[in-house]
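Asker: Starting from the known structure of chain A, fit chain B onto it as the hints suggest.
Number of protein chains: 2
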Amino acid sequence: MKILITNDDGVFAPGIVTLASCLHERGFCTYVVAPDRERSSVGHAITLTRPLRLWKITGGRYPENLPVYACDGTPSDCVVLGLESEECSGADIVVSGINKGPNLGDDLTYSGTVSAAVEGYFLGKPAIAVSLNCGSDEESQHYDSAAEAVVAILGKLEIQKFGEKPLLNVNVPDLPKHEIRGTRVTKKGFRYYKEKVTRLLDPKGNEYYWVSGKPEDRLDEGSDVKAVSEGYISVTPIHMDLTDYEAIEVLRREGFEDLKI
Amino acid sequence: MKILITNDDGVFAPGIVTLASCLHERGFCTYVVAPDRERSSVGHAITLTRPLRLWKITGGRYPENLPVYACDGTPSDCVVLGLESEECSGADIVVSGINKGPNLGDDLTYSGTVSAAVEGYFLGKPAIAVSLNCGSDEESQHYDSAAEAVVAILGKLEIQKFGEKPLLNVNVPDLPKHEIRGTRVTKKGFRYYKEKVTRLLDPKGNEYYWVSGKPEDRLDEGSDVKAVSEGYISVTPIHMDLTDYEAIEVLRREGFEDLKI
Numbered sequence: 001m002k003i004l005i006t007n008d009d010g011v012f013a014p015g016i017v018t019l020a021s022c023l024h025e026r027g028f029c030t031y032v033v034a035p036d037r038e039r040s041s042v043g044h045a046i047t048l049t050r051p052l053r054l055w056k057i058t059g060g061r062y063p064e065n066l067p068v069y070a071c072d073g074t075p076s077d078c079v080v081l082g083l084e085s086e087e088c089s090g091a092d093i094v095v096s097g098i099n100k101g102p103n104l105g106d107d108l109t110y111s112g113t114v115s116a117a118v119e120g121y122f123l124g125k126p127a128i129a130v131s132l133n134c135g136s137d138e139e140s141q142h143y144d145s146a147a148e149a150v151v152a153i154l155g156k157l158e159i160q161k162f163g164e165k166p167l168l169n170v171n172v173p174d175l176p177k178h179e180i181r182g183t184r185v186t187k188k189g190f191r192y193y194k195e196k197v198t199r200l201l202d203p204k205g206n207e208y209y210w211v212s213g214k215p216e217d218r219l220d221e222g223s224d225v226k227a228v229s230e231g232y233i234s235v236t237p238i239h240m241d242l243t244d245y246e247a248i249e250v251l252r253r254e255g256f257e258d259l260k261i
Numbered sequence: 001m002k003i004l005i006t007n008d009d010g011v012f013a014p015g016i017v018t019l020a021s022c023l024h025e026r027g028f029c030t031y032v033v034a035p036d037r038e039r040s041s042v043g044h045a046i047t048l049t050r051p052l053r054l055w056k057i058t059g060g061r062y063p064e065n066l067p068v069y070a071c072d073g074t075p076s077d078c079v080v081l082g083l084e085s086e087e088c089s090g091a092d093i094v095v096s097g098i099n100k101g102p103n104l105g106d107d108l109t110y111s112g113t114v115s116a117a118v119e120g121y122f123l124g125k126p127a128i129a130v131s132l133n134c135g136s137d138e139e140s141q142h143y144d145s146a147a148e149a150v151v152a153i154l155g156k157l158e159i160q161k162f163g164e165k166p167l168l169n170v171n172v173p174d175l176p177k178h179e180i181r182g183t184r185v186t187k188k189g190f191r192y193y194k195e196k197v198t199r200l201l202d203p204k205g206n207e208y209y210w211v212s213g214k215p216e217d218r219l220d221e222g223s224d225v226k227a228v229s230e231g232y233i234s235v236t237p238i239h240m241d242l243t244d245y246e247a248i249e250v251l252r253r254e255g256f257e258d259l260k261i
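Those protein sequence lines, which keep their order, are chains A and B. Residues 1 to 261 (my numbering) are what the first sequence spells out, left to right. Residues 1 to 261 (my numbering) are what the second sequence spells out, left to right.
Think of the hints as simulated: they come from the structure by calculation, not from any bench. Misleading hints may appear alongside valid ones.
Cross-link-like lysine-lysine pairs, in silico, DSSO-like; alpha carbons within 30 Å at most [said to hold, decoys possible]:
no., chain 1, residue 1, chain 2, residue 2
1, A, Lys260, B, Lys177
2, B, Lys194, B, Lys165
3, B, Lys260, A, Lys2
Counterexamples of contact, computed for chain A against chain B with all Cβ distances above 10 Å [what the hints assert, rightly or not]:
no., residue
4, Phe28
5, Asp36
6, Glu38
7, Ser136
8, Ala149
9, Lys196
10, Val197
11, Pro203
12, Glu221
13, Ser229
14, Gly255
C-beta: ideal position from N, C-alpha, C; glycine also.
The following block holds chain A by itself, in its conformation from the complex:
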């Protein structure tokens, strides 16, 4: 099994280095194609209006003999080039991460990390996005716990029979391995961002805006948000059929098929 690893925090971020090093040490055949800089919150963006470059990276904190490429595109671009370019191809599975910070609830569609996994899935591969539920203090980030979670999941997936190829969103509590309580298979939960816009004035008195917002989690039973908050690894299987089948019936009943212009 050959594994393409990517992320959205950039090719030199500690999360992807830990993940790639761990999988390489455990004997998995892996290669890395990741953005040359941080590309968080770019969603499923893909670059169609300018060409892209790939650079082979040598040295750094990656193990020797592990092929590593940086790309000046988005995480999804990295997956396209990582699966379909001449320089690097042949992966059987895509693993995206380890993201610095969780991807829970409706974070999914904003996340470059999750969207890279979706791109792998669209290109016919099983895919796993993995995120660490950490803050910004690098000293206390347990990327090794998240890497071990990926090893364990890959072990299970080998003996696994899915109807369709699996697409998994994994979130890992930021705890040492022995403090993690176990694993929960979860549904996507809800996290809201309140007060998304901050208005400030520049030195000339002109307005500008920051988009941000503090997350507020809804701790629904069985959700990704709740599992991680309780110290469990959360594994959420996701699908990309965005059709709202119930609403199809509503629209038909309400006469939308008689709509004339």
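Answerer: Structure of chain B alone, referenced to chain A:
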């Protein structure tokens, strides 16, 4: 009913000008907040690492008295600022488009136009994405047909009771009004992109890559792809619960909740 209009082709694109002008003429209370340049295929990207500006646009091809703002962010940024900034807020519904080119099948997650509608939905508003199934020849683009489709849908939505707020992906054939055969309520179909990567050499002999690919459509019965190909307006209700509930059962059966690291 107050309508926020946005798009991903940029604030001066013919599609958004036609849409805003049509709704304004029909007496809808509207305002525009749209990207200052083309931002196609940026997906649900949102700008968290730099501040954003809004500029009030006067003149151009927009009707007088219609408030129009350009923003140097993504389509989703425009929706956040268009709903939650001091300068422009108060919309009851978000309409995103008219996109130059269709958004069918798995285009949805790449599309800035559809993602802007999703952002409106996440911020608590009903939302409609509307796209014209056109090529690049401006002379033959029937944006007026797509604008009339939005007027008709807004008329129906007023008398509509949904379980949740509606989120609709509308695709309109590039035909004069009288040649459009009617409306179909559809499911998301499938379009594949073959041969996504083109490798070229620059004048120095270094490789670079274009990501592109020609779409190949699967004409499934009841799908958006098929309806538009047959000359119907396609209305696909979409939802954002990405949980694959069937796969939850598979994962539990296969012992993923016993996973230890």
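Asker: Decide, hint by hint, whether the structure agrees.
Answerer: Verification of the supplied hints:
Between A:Lys260 and B:Lys177 the CA atoms are separated by roughly 9 Å; this keeps the pair inside 30 Å, and the hint holds. Between B:Lys194 and B:Lys165 the CA atoms are separated by roughly 35 Å; this puts the pair beyond 30 Å, and the hint is violated. About 23 Å separates the Cα atoms of B:Lys260 and A:Lys2, which keeps this hinted pair within 30 Å; it holds. The claim that A:Phe28 lies off the interface holds: its Cβ sits roughly 16 Å from the closest Cβ of chain B, which is beyond the 10 Å cut-off.
The claim that A:Asp36 is not at the interface with chain B holds, since no C-beta of that chain comes within 10 Å of its own (minimum 14 Å). At the 10 Å boundary, the C-beta of A:Glu38 falls inside the reach of chain B, the nearest C-beta of that chain being 8 Å off. The Cβ of A:Ser136 sits about 13 Å from the closest Cβ of chain B, beyond the 10 Å cut-off, so the non-interface label holds. Non-interface call for A:Ala149 relative to chain B: violated, since the shortest CB-CB distance, roughly 5 Å, does not exceed 10 Å.
For A:Lys196, the condition that its CB be more than 10 Å from all CB atoms of chain B is violated, with the nearest at approximately 5 Å. In this structure A:Val197 is not separated from chain B by more than 10 Å, as the shortest Cβ-Cβ distance comes to only about 5 Å. Against the 10 Å criterion, A:Pro203 stays outside the reach of chain B, whose nearest CB is about 13 Å from its own CB. With 10 Å as the threshold on Cβ separation, the claim that A:Glu221 sits away from chain B holds: the shortest Cβ distance comes to roughly 13 Å.
Here A:Ser229 stays apart from chain B, with its beta-carbon at least about 17 Å from theirs, past the 10 Å limit. With 10 Å as the threshold on Cβ separation, the claim that A:Gly255 sits away from chain B is violated: the shortest Cβ distance comes to roughly 7 Å.
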